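*Asks:* Quick note, the sequences are listed as chains A and B, same order.
According to the numbering used here, the first sequence is numbered sequentially starting from 74.
According to the numbering used here, the second sequence is numbered sequentially starting from 74.
Incorrect hints may have been included.
Since the list gives no way to pick one copy over another, a pair counts as held whenever it fits inside one copy or between any two copies.
Unchecked claim - Below, in silico cross-link-like pairs of lysine-lysine (DSS-like), each with a Cα-Cα straight-line distance of 30 Å or less: (1) K196 / K84; (2) K285 / K84; (3) K99 / K326; (4) K390 / K259; (5) K259 / K533; (6) K156 / K259.
No lab work stands behind these hints, which were simulated from the structure alone.
For clarity, every value in this text was computed on a predicted model and none was experimentally measured.
The residues making up each chain are set out below.
There are 2 protein chains.
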Amino acid sequence: MAKFEKKELKKKSGNFSDWYTDVILKSEMADYAPVKGCMVIRPYGYAIWENIQAYMDRLIKEKGVDNAYFPLLIPEKFLNLEKEHVEGFSPHLAVVTIAGGEKLSEKLIVRPTSETVMYQMYKEWFHSWRDLPVLINQWNNIIRWEKRTYLFLRTSEFLWQEGHCAHATHSESNDFILWALEMYAKTYRDLLGMHGITGIKSETEKFAGADKTYSVELLMPDGKALQGGTSHDLGQNFAKALDWTVLDKEGKKLNPWQNSWGFSTRSIGGLVMVNGDDNGLSLPPNVAPYQAVILPISAEDKSLDIYVQKLKDQLLKSGVRVAVDNDTNSSVGRRFNFWEVKGVPARLEIGKREMENKKVTIARRDNFEKETVDIDQITAHLQIILKEMQEQALARHRKFTQDNTHMTDDYSQFKKIMSEKRGFIRSLWCESKECEAKIKAETKATTRVLPLDAPEEKGKCIYCQKEAFHRWYFAQAY
Amino acid sequence: MAKFEKKELKKKSGNFSDWYTDVILKSEMADYAPVKGCMVIRPYGYAIWENIQAYMDRLIKEKGVDNAYFPLLIPEKFLNLEKEHVEGFSPHLAVVTIAGGEKLSEKLIVRPTSETVMYQMYKEWFHSWRDLPVLINQWNNIIRWEKRTYLFLRTSEFLWQEGHCAHATHSESNDFILWALEMYAKTYRDLLGMHGITGIKSETEKFAGADKTYSVELLMPDGKALQGGTSHDLGQNFAKALDWTVLDKEGKKLNPWQNSWGFSTRSIGGLVMVNGDDNGLSLPPNVAPYQAVILPISAEDKSLDIYVQKLKDQLLKSGVRVAVDNDTNSSVGRRFNFWEVKGVPARLEIGKREMENKKVTIARRDNFEKETVDIDQITAHLQIILKEMQEQALARHRKFTQDNTHMTDDYSQFKKIMSEKRGFIRSLWCESKECEAKIKAETKATTRVLPLDAPEEKGKCIYCQKEAFHRWYFAQAY
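Please take these sequences and the hints and turn them into a complete structure.
*Replies:* What follows is the structure in structure tokens.
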């Protein structure tokens, strides 16, 4: 591969947004697609998505939720069934009007989410309390039209999972909603090395068709917040709109209580923003496509090849995802640069000297520390380092989030923070849409979440000074 | 779940096509979607697809092919680039004309296959012989418009994998084409318990845009053939049409040699047809969502519950996929019936008597044989039985295929076979399109494949009596 051509990477410490796009393109994670608003996820980016899928799919199945596949195309009339739902989505729809060479008598919507088509089937399939709970998830592609692409973060097509459960009681549904929310927070924490704030969204910010929406919010290095996954309490809204009833134990009709929850390739955008520096990406080991790369430093040498192959096999056997870079024709500097841009956590350098002394030099991507280790101890040592890097990534992001979370009850202070450094602001708010809209218009900050364990306080709304009981998280959102 | 209501299944020995649809609906593998031509893959059917994906994905990655994701929507002009390609696909396209509330200035095609959009990106990304080979696969959804749905076998939307590789030489590309073909045959053989015939397709039957198409063909119980996976030699057709060149080692421009290969959810249709009987499905253990189901036979009993749970844990630990049916309120007959329709290979019955004697009764789904085994030996014994069932499924289908493969050089005999019992017919053919078309019009039989190892013969075409050198497989196709 012609991978070692010189690629000048933009600086993260310069224009953050330019760096973000540049590092995604140069690490070959993704690229712009020919259709406006769409993107291509290249193998290096897709391997990250596969790691996320494998991790979450196991948690989803352990909870008893089964995967299925529902159709891409939804009859237009289905979307119209739930009033808020259709109003929320109609500006973003892609519409098929011609199929099989003919103009369709009814337009078909490319799914922006699958509530309507799935619940129509639930209604056909499930008629008794014995059929509940319904626990179904799907991994698929979604279209919500966007005019301008921002790789991973804002694209007309994205990949996600959408879970759709139905229960006999609201309390049972609620347990599932909170389980999904915690699963998302756990995925960020343990896999992506990111610290999220979980909580409930305001009425304005909730999902179109839901009674309540919960989300995990992550603070990005530029002080803006990313909504990283949502879990919705749909109440009985869809069941009522579709007239779906099941017979309960007493033979009475019941509208099932429903929830839906989704996590998308947007999360990869957050991962990139948080885990990188002027040299490129710096991936937490648990989600990295390759956790280590072996670089033979000397020119071609048969005994070195054997040494490298043996090391590779040993690492693979112990479960480390490892690549070998055999392109000894390129300069060492270019090779280092290439793997640094890609953010591979550990670089294992082996030259003639290392081989003769039965050693390997390990260089960490996160802090550039180097040490030389006995080949016998490399596997155990590498595993310790990888674990440490994973923990430190999370600790760094947690500290960053804490350092950039401000608490204020003074609106001029609020405005000053938003205009200077941004970040999360925790402020009392009266929960009126008017104040929320005015704060947004004046500062760009929107309500992000109210944490589930937020205590009741007695104070005054940051904006209108009327009574307020809860301290919400505000931030400018992606 | 209300799973044990009486469900009268249509007989396979009656109308085969009615049985096929009925067993898919009643085993809850799939259902018709609200949009004509589309289907829903329910959890039980999707678990089969997940098993196929896991099996093939490992083989694909071992070969060095990476997964990626390319966009669903393709600009109309892309499809027009390759003449045969667009002519082959245009009658089956779904077209997006409205997006984001506006009429689009250029229509977007919902991908019927991804050659054009992928190779446009290859052209942007890869410029040197060092970039070759390009080895990329994707798992995604495809739309090819159909008016009438035949569950799994003919649907407007289906799921598949599509591999798209590019090489410096035709011979290297050819190796990949044949590797993919053999991978598909192996998946049928070792996972799905089915015997396929592999070979090259005729000019008429090849993929639109390919120089050559190879496929694996499987004989169904009604004597029709199912095309079960295809691998295409695209030559330099797309590279030339798109003007994609890379510089070779001497610095000269080269159009890369390309191949594409696909395997879809259609295969599940073949699996159902071959592996079932009047009682429902009978799944080969390697692909079955559950390989065994444990049925406590007595009414509720705490010690029995513990016994069942222990057995379940033991089986899960040894890697057996196992379900427990605790619905002791329903009649035993209905419960047996339910799991038979679903085709679970082994039923483990435990009553009070079995528990007291530390025994389990195993009933095989394929031949209904029952035996009672010591609980200590159940894991080892079950694994032997499952292995045997898998091998016997393949042996049965191989024998069926052989018994229904006819060889004739007499056209009246050919017509008689096609009008009476169908099956594969091996006949000499002059390889002219005219004879092929006339045979099809008169008998419904099309050429399926010429096996790769078919010896050259010297004889006369079954239709026109002119010189013919090869004995092709003919059959009526699904």
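*Asks:* Compare the structure with each hint and give your call.
*Replies:* The hints, checked one at a time:
{"no.": "1", "hint": "K196 / K84", "in the structure": "between (54 Å within a copy, 28 Å between copies)"}
{"no.": "2", "hint": "K285 / K84", "in the structure": "neither (40 Å within a copy, 49 Å between copies)"}
{"no.": "3", "hint": "K99 / K326", "in the structure": "between (58 Å within a copy, 25 Å between copies)"}
{"no.": "4", "hint": "K390 / K259", "in the structure": "both (27 Å within a copy, 26 Å between copies)"}
{"no.": "5", "hint": "K259 / K533", "in the structure": "neither (34 Å within a copy, 70 Å between copies)"}
{"no.": "6", "hint": "K156 / K259", "in the structure": "neither (34 Å within a copy, 51 Å between copies)"}
This entry does not satisfy hints 2, 5, 6, going by the numbered hints stated previously.
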